Amino acid sequence: MKGLDYLLAANIIIWTGICGYLVYLLCRYRELRNRLRVLVKKDISEKAESKNV
Amino acid sequence: LKRDTLKPRPFIKLIIPATVCVILLTALQAFVLVYSPEEQTMGIIQRIFYLHVPLAWCAFLAFLVVFIGSISYLVNGNTFWDNIAHSSAVTGLLFNSLTLITGAIWAKAVWGIWWTWDPRLTTSLVLWFIYAGYILVRNFGIEQERAARFAAVIGISGFADVPVVALSIVLWRTQHPPALIFAGGLTPTMLLILVVCLTIFTLIYALLLAMSLSLHWMENSVAELKMMVGSEDEAGESK
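In the order they appear, the protein sequences are chains V and A.
If you're matching positions, the first sequence starts at 24 in the working numbering and goes up one per residue.
If you're matching positions, the second sequence starts at 55 in the working numbering and goes up one per residue.
Quick caveat, the hints were computed from the structure, so don't treat them as lab data.
Take the hints with a grain of salt, since some may be wrong.
[Said to hold, decoys possible] Each computed DSS-like pair below joins lysine-lysine, with the alpha-carbon atoms no more than 30 angstroms apart: (1) 67/A x 280/A; (2) 65/V x 280/A; (3) 74/V x 280/A; (4) 162/A x 64/V; (5) 74/V x 64/V; (6) 65/V x 67/A; (7) 162/A x 70/V; (8) 64/V x 280/A; (9) 162/A x 25/V.
These numbers come from a predicted model, not from an experiment.
With these hints in hand, go ahead and build the complete structure from the sequences.
In structure tokens form, the structure reads like this:
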């Protein structure tokens, strides 16, 4: 391997590491946002039910 | 239930800082590849220096934040500090891993070996294990508050390894090159590029920390709402 190959390998690993972590954070964000939406919907329907009663 | 509590806590839209991170990182790598001057002894491989040193700096900074956050959590008992320490530990471990990998690549190109049990390398690996242990304790399945306290103790005691890593090149005879920045071994152009890289990597660290922290706040919001709403169907919520 030449020096440039090593340098490119290091760059690719850094890019993959940081972008991989970003993807993980975005996936977790999506999951939590969906959970919050479900909980809010559930609360609204519960409120509506209690009003009807 | 008040309407305010049902809304997610104000958190930054993650897609914006994520995009900024990717742009900054790509621009930084292009900048290092195109603009940095070629060093006479090592040639093009020396350019790893502009990535390896800022990564190590960010790891140290992250572990300092863990140290401060852990002390504050043990003193105040405020989960805000615990969240900061946890987020910073994960980010710091990422930067530490990348430091070790880029160091190994550099070592292979210059020394002809991927790894040697040199004091600097070994203490850096110990640092990695300490913070990997910190994260393992968090996910060990014990009660959350106890796990946070255990992790805070690791966060404080583990920081003792950071000065050891930093001073290892002075304390022991080592194969690792000395700190050229303080010895005046860099040309003004090299120093300028290093400062730019340090700034950008620190910015990336700050963005990653903010993003991770906002996720912690969202997790807390979910937990609070679940208690208020009395949700039982946890498995179905994530779908």
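Tested hints:
no.	hint	in the structure
1	67/A x 280/A	holds, 23 angstroms
2	65/V x 280/A	holds, 10 angstroms
3	74/V x 280/A	holds, 21 angstroms
4	162/A x 64/V	violated, 56 angstroms
5	74/V x 64/V	holds, 16 angstroms
6	65/V x 67/A	holds, 24 angstroms
7	162/A x 70/V	violated, 65 angstroms
8	64/V x 280/A	holds, 12 angstroms
9	162/A x 25/V	holds, 11 angstroms
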